[in-house]
Amino acid sequence: MSNVLPDYPNEVVTKALLRLVRVPGLDKPAALITLDNGFDHKKPNSFGPAGLASLDEAITQATEAEPAFIALTGKPYIFCVGADITGMPFITQRDQAVALGELGHRVFARLKNSTIPTFAFINGAALGGGLEVSLHCHYRTVSGGAAALGLPEVAIGLIPGWGGSQLLPNLIGVPGAAQVILQNPLTQKTLKPKQARELGIADALFEPADFLEDSLAWAAGVVKGEVTVERPEVDKDMWEGVLFFAKQQLDERLHGAVPSANKALELLALAKEATFEDGTAAETQALADLIMGDESRASLYAFDLVQRRAKRPVGVPDKGLARKVTKVGIIGAGLMASQLALLFVRRLQVPVVLTDLDQSRVDKGVEYVHGQIAKLVEKRRMDEGTAAKLRGLVTGSVDKSVFADAEFVIEAVFENLDLKKQIWAELEKIVSPEAVLATNTSSLPVTEMAADLEHPERVVGFHFFNPVAVLPLLEIIRGERTDDATLATAFAVGKELRKSCVLVKDAPAFVVNRLLTRFTSEVFTAIDAGTPLETVDSALDPLGLPMRPIALLQLVGPAVAHHVGETLHRAYPDRFASSPNLAKIVEAGLPLVADDEINPEVVKLIEAGDKPLTAEEVRTKALEALAGEARLMLDEGVVAEAQDIDLCMLLGAGWPFHLGGVTPYLDRSGTSERVTGKRFLPQGVASLPA
Amino acid sequence: MPRVSREVVFVDGVRTPFGKAGGMYAETRADDLVIRCIRELMRRNPQLPPEKVDEVAIAATTQTGDQGLTIGRTAALLAGLPKSVPGYAIDRMCAGAMTAVTNVAGGIAMGAYDVAIAGGVEHMGHHPMGEGVDPNPRILAEKLVDPSALVMGATAENLHDRLPTITKERTDAFGLASQEKTAKAYANGKFQPDLVPVALRSAEQGWGLATVDEAPRETSMEKLTTLKTPFRPHGKVTAGNAAGLNDGATAALLADEETARELGLPVAMRLVSYGFVGVEPEIMGYGPIPSTEKALRLAGLSIGDIGLFELNEAFAVQVLAFLDHFGIADDDPRVNPWGGAIAMGHPLASSGVRLMTQLARHFEEHPEVRYGLTAMCIGIGMGGTVIWENPHFEGADK
Numbered sequence: 035m036s037n038v039l040p041d042y043p044n045e046v047v048t049k050a051l052l053r054l055v056r057v058p059g060l061d062k063p064a065a066l067i068t069l070d071n072g073f074d075h076k077k078p079n080s081f082g083p084a085g086l087a088s089l090d091e092a093i094t095q096a097t098e099a100e101p102a103f104i105a106l107t108g109k110p111y112i113f114c115v116g117a118d119i120t121g122m123p124f125i126t127q128r129d130q131a132v133a134l135g136e137l138g139h140r141v142f143a144r145l146k147n148s149t150i151p152t153f154a155f156i157n158g159a160a161l162g163g164g165l166e167v168s169l170h171c172h173y174r175t176v177s178g179g180a181a182a183l184g185l186p187e188v189a190i191g192l193i194p195g196w197g198g199s200q201l202l203p204n205l206i207g208v209p210g211a212a213q214v215i216l217q218n219p220l221t222q223k224t225l226k227p228k229q230a231r232e233l234g235i236a237d238a239l240f241e242p243a244d245f246l247e248d249s250l251a252w253a254a255g256v257v258k259g260e261v262t263v264e265r266p267e268v269d270k271d272m273w274e275g276v277l278f279f280a281k282q283q284l285d286e287r288l289h290g291a292v293p294s295a296n297k298a299l300e301l302l303a304l305a306k307e308a309t310f311e312d313g314t315a316a317e318t319q320a321l322a323d324l325i326m327g328d329e330s331r332a333s334l335y336a337f338d339l340v341q342r343r344a345k346r347p348v349g350v351p352d353k354g355l356a357r358k359v360t361k362v363g364i365i366g367a368g369l370m371a372s373q374l375a376l377l378f379v380r381r382l383q384v385p386v387v388l389t390d391l392d393q394s395r396v397d398k399g400v401e402y403v404h405g406q407i408a409k410l411v412e413k414r415r416m417d418e419g420t421a422a423k424l425r426g427l428v429t430g431s432v433d434k435s436v437f438a439d440a441e442f443v444i445e446a447v448f449e450n451l452d453l454k455k456q457i458w459a460e461l462e463k464i465v466s467p468e469a470v471l472a473t474n475t476s477s478l479p480v481t482e483m484a485a486d487l488e489h490p491e492r493v494v495g496f497h498f499f500n501p502v503a504v505l506p507l508l509e510i511i512r513g514e515r516t517d518d519a520t521l522a523t524a525f526a527v528g529k530e531l532r533k534s535c536v537l538v539k540d541a542p543a544f545v546v547n548r549l550l551t552r553f554t555s556e557v558f559t560a561i562d563a564g565t566p567l568e569t570v571d572s573a574l575d576p577l578g579l580p581m582r583p584i585a586l587l588q589l590v591g592p593a594v595a596h597h598v599g600e601t602l603h604r605a606y607p608d609r610f611a612s613s614p615n616l617a618k619i620v621e622a623g624l625p626l627v628a629d630d631e632i633n634p635e636v637v638k639l640i641e642a643g644d645k646p647l648t649a650e651e652v653r654t655k656a657l658e659a660l661a662g663e664a665r666l667m668l669d670e671g672v673v674a675e676a677q678d679i680d681l682c683m684l685l686g687a688g689w690p691f692h693l694g695g696v697t698p699y700l701d702r703s704g705t706s707e708r709v710t711g712k713r714f715l716p717q718g719v720a721s722l723p724a
Numbered sequence: 016m017p018r019v020s021r022e023v024v025f026v027d028g029v030r031t032p033f034g035k036a037g038g039m040y041a042e043t044r045a046d047d048l049v050i051r052c053i054r055e056l057m058r059r060n061p062q063l064p065p066e067k068v069d070e071v072a073i074a075a076t077t078q079t080g081d082q083g084l085t086i087g088r089t090a091a092l093l094a095g096l097p098k099s100v101p102g103y104a105i106d107r108m109c110a111g112a113m114t115a116v117t118n119v120a121g122g123i124a125m126g127a128y129d130v131a132i133a134g135g136v137e138h139m140g141h142h143p144m145g146e147g148v149d150p151n152p153r154i155l156a157e158k159l160v161d162p163s164a165l166v167m168g169a170t171a172e173n174l175h176d177r178l179p180t181i182t183k184e185r186t187d188a189f190g191l192a193s194q195e196k197t198a199k200a201y202a203n204g205k206f207q208p209d210l211v212p213v214a215l216r217s218a219e220q221g222w223g224l225a226t227v228d229e230a231p232r233e234t235s236m237e238k239l240t241t242l243k244t245p246f247r248p249h250g251k252v253t254a255g256n257a258a259g260l261n262d263g264a265t266a267a268l269l270a271d272e273e274t275a276r277e278l279g280l281p282v283a284m285r286l287v288s289y290g291f292v293g294v295e296p297e298i299m300g301y302g303p304i305p306s307t308e309k310a311l312r313l314a315g316l317s318i319g320d321i322g323l324f325e326l327n328e329a330f331a332v333q334v335l336a337f338l339d340h341f342g343i344a345d346d347d348p349r350v351n352p353w354g355g356a357i358a359m360g361h362p363l364a365s366s367g368v369r370l371m372t373q374l375a376r377h378f379e380e381h382p383e384v385r386y387g388l389t390a391m392c393i394g395i396g397m398g399g400t401v402i403w404e405n406p407h408f409e410g411a412d413k
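Those sequence lines, one after another, are chains L and V.
To get our numbering, take the position in the first sequence, counting from 1, and add 34.
To get our numbering, take the position in the second sequence, counting from 1, and add 15.
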């Protein structure tokens, strides 16, 4: 092992267990290496320095045994999910990062250069370095039961740096490789076993029931020459064309803001002509550059937030306090309410009852849920038995007395405080004193909504993000009088809904809407001041956000944005401007975007001032506004820590990993210190160690 | 409605290599063993559309844990057979798989099934003999059965008492011969075609592959005399002249003969008759004698008509009792030509189909033999015998 590379303290070592196995039909035994870290599938195999050393040793011993072939497989359900990223913080110097790349290359190359045939039997999930080690083997089989295959490194700010960028395009061609290395990670997709077979990543696909037996028999057939492995020839003519197109697509979306994507493109280009040695040497350098960059550190921080903090929210009362929910009531039967009904019935599988003012609205709501269930069945995402059960569970009524035995009632009616208060008052006479009353309000104060109730302690905010079925964030708002049992129940329900829940104090617009509104408020101030719409709209491109501001405004709906904006303007008039131009746009009711361009009719509406800003000024102001607002939110105790703000931005606003959500970017761009005099996160948490 | 009895044929049989309890299958599930067998049967007989399987009868003595949940049904589902294929679990201790075969054979004969799978599994490492049993106190109070009847080794010692001419030397010699015959059959590749390799996992060693039985061992008369007699001080029954505690599974395809011919399935054996008979539970090893007499009587045959014997070697004493009764020599070449359970092992409920699979292979090699039989003793005092006809029979030797 390299003496430069530090040991990872607490590495969960994935051992490479070697066993010589008799395979029918072969005179010599096969060397079967099992990757196993000694835990069940919930803690998957990964490669740290000690794990790589174990594999190195197993390959040495396997080779010495002069077997008929060497094969690598995993523990049940897991092949290997890649490099041990928990060790990244211990890599503080560039030469250490280089050593990490070189170590993997050196060990894996032994499988590629082996004179004894080598096989990977991909029995379970194979991601990143796990898939890369298999690519070094001469042949691969994959189990139909493997949960996922892929090279997701670009999504966490890295590149497939253990041979993947060079081996994959030369195995399956550059279009497939670009899909696996670039497109899939950036859209959070992985491959199913069948797709991996079709792309040519695996040479054979076997059923899970006897995957290993079949793989061993197949491998024996290959070494005896009874099985011929056919692979289509890689077309090298289209190489540059494919990559040119891929780069165009990337630039359109990311505007060069994701260094890992650019490096991956360069490596894919190199793979066409470079020798494997040169290609992997370039990989090592690229990997080291990225490991020593703030983007990858922010990405790893973000990855950890969504993987771990999202599952264990901070500041939540003991889950033992949670009350059982056997029936859910939904007030309203409009689109939002119907979406909630579908979500609750799918996840909780308990009776869900919708109410509204008249029967036709109720019927429409129930019909919507039934229609969505039918669509899921059609897409084979739900079986008919479940569909029948769910259809039976969703009912509607104009009479709120149906809520009498519901333990959890959520309202999704028009955003009007008096209306909501009136509904709660009416409901309190019907439901039990413990029934949780949840509001899906996006901007109204939860505390005030509960104020006049006999039992205000059972009111909680339950703020979903649209589309409800897709966006994983749920802001759970604790009102001033909300009690622990109510909050515990809300978190338990949120978890059952498979949402990532963040605890938020009752403050105007909570987290995501408050930050995004402050951000757009700066955008509109710039427009009001006379900055051209095009300038404003592209000003934030260097951040690589998922959407430009105008498109985002279109998605949210100018009316909704205006409503939230005005609410916040009333609460904090000095920070949230009331934009006359936005008001006009709302009034005109025109679409902001037409034919992928900013609607010229909208441009005509705008009454601009005479103090236009440059794009850079717009960006600086917007970022400074974000930094100031985020700091205020922390000081006000809206959330416990900056990590919660980032989690909300990642999951509720879809802000990218390379920004770490938002605060790591504000820190590394110097914005935090300039505006608030201090960082949000200490150096090294979501950035390079000091 | 007039009913015509149909001919029942044994199409094909397979088994896993047998392991030693606590040995190579320690971390392998029992149901996975039998699932492998079912899948291999289907793979070896691609002309059989899976939906044509009318029944899956799987035996296990202890039907809990990984041998529970109506294992015939769950194993069929997990083996990938269509959901329309039914299955059930069955138990007659050591003769579980044999009873699964005779049960589905009855169903085939009377027209309820065209094709069925019968087999058995016993993971004695996961399910030691007597696991979870709760014998009725009346057994003792009313002296219905000698308590020793519940301990199989003790019944073998009891059988020695009744049959003093069967000496320890004879049982040891029989045990040694079983080992030697098995070793020779392995060397000649006799078993391998019907063994299903099984992937094994060990947390310590990683994955492996079982391809041969774990129990067979080299021994000698000298070594055999030194073994302990765990069932009685200064007794006769030892690990050397009895089957061990084993893990393994078997499965066989049975069919109506006409259906088999229509589908192009091989006909390996034709069922002639079968008999199950009870005896005194404390000498359960005596069981195969009356059950064979019954099966012979039903078939209208005599012992002299039987050209090949596959006798389960739960205990050498019990096989020798059978041979003595019928006047057959201890080393008669017609008996267990490839050795038996003393060498290969006896995962209780699975063994019946192993006997049949081997007899089917013997029939192939011996077209001069017309009839063969498979027989075994069964706990709580029973014997089971199935007589088979060789479809390859070409007429007797001159």
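These are calculated hints, taken from the structure and not from any lab test.
Just so it is clear, the structure is predicted and the values come from calculations on it, not from any experiment.
Don't be surprised by glycine CBs; every beta carbon is placed ideally from N, CA and C.
Any given hint could be a false lead.
[To be verified] Derived DSSO-like pairs (lysine-lysine); straight-line CA-CA distance at most 30 angstroms: (1) K146/L x K345/L; (2) K223/L x K655/L; (3) K62/L x K67/V; (4) K258/L x K205/V; (5) K258/L x K199/V; (6) K199/V x K413/L; (7) K228/L x K67/V; (8) K638/L x K655/L; (9) K423/L x K243/V; (10) K183/V x K62/L; (11) K409/L x K35/V; (12) K62/L x K98/V; (13) K353/L x K398/L; (14) K228/L x K98/V; (15) K226/L x K98/V.
[Claimed, not checked] Label pairs and their in silico Cβ distance ranges: (16) E267/L x E195/V: 20 to 30 angstroms; (17) P162/V x E260/L: 50 to 60 angstroms; (18) E307/L x E219/V: 43 to 53 angstroms; (19) P162/V x K228/L: 56 to 66 angstroms; (20) P162/V x A422/L: 23 to 33 angstroms.
Checked hints:
Only pairs whose Cα atoms come within 30 angstroms are accepted, and K146/L paired with K345/L is rejected, the gap being roughly 39 angstroms. This hinted pair does not check out: K223/L and K655/L have alpha carbons roughly 35 angstroms apart, beyond 30 angstroms. Taken as a hint, the K62/L and K67/V pair is broken in the structure, with Cα atoms around 40 angstroms apart against an allowance of 30 angstroms. Pair hint K258/L plus K205/V holds up; C-alpha atoms about 22 angstroms apart against a cutoff of 30 angstroms.
A hinted pair counts as satisfied when its Cα atoms are at most 30 angstroms apart, and K258/L with K199/V qualifies at roughly 27 angstroms. The hinted pair formed by K199/V and K413/L fails the criterion: a straight-line CA distance of about 58 angstroms is larger than 30 angstroms. For the suggested pair K228/L and K67/V, the alpha carbons sit about 28 angstroms apart, so the restraint of at most 30 angstroms is met. For the proposed pair K638/L and K655/L, the alpha carbon gap of about 25 angstroms is at most 30 angstroms, so the pair holds.
For the suggested pair K423/L and K243/V, the alpha carbons sit about 62 angstroms apart, so the restraint of at most 30 angstroms is broken. About 41 angstroms separates the Cα atoms of K183/V and K62/L, which puts this hinted pair outside 30 angstroms; it is violated. Taken as a hint, the K409/L and K35/V pair is broken in the structure, with Cα atoms around 53 angstroms apart against an allowance of 30 angstroms. Among the hinted pairs, K62/L with K98/V is inconsistent with the structure: their alpha-carbon atoms are about 41 angstroms apart, more than 30 angstroms.
Between K353/L and K398/L, the direct Cα distance comes to roughly 36 angstroms. Violation of the 30 angstroms bound is thereby established for this hinted pair. Proposed proximity of K228/L and K98/V is supported: the alpha carbons are some 23 angstroms apart, at most 30 angstroms. This hinted pair checks out: K226/L and K98/V have alpha carbons roughly 25 angstroms apart, not beyond 30 angstroms. Remark: the range hint 20 to 30 angstroms for E267/L to E195/V is contradicted by a beta-carbon distance near 56 angstroms.
Evaluation of the 50 to 60 angstroms hint for P162/V and E260/L yields a pass: the beta carbon distance comes to about 58 angstroms. Between E307/L and E219/V the CB atoms are about 46 angstroms apart, so this pair conforms to the stated range of 43 to 53 angstroms. The hinted window of 56 to 66 angstroms between P162/V and K228/L holds, with their beta carbons roughly 59 angstroms apart. At about 55 angstroms, the CB distance of P162/V to A422/L disagrees with the hint of 23 to 33 angstroms.
Violated hints, in rising order: 1, 2, 3, 6, 9, 10, 11, 12, 13, 16, 20; the structure is consistent with all others.
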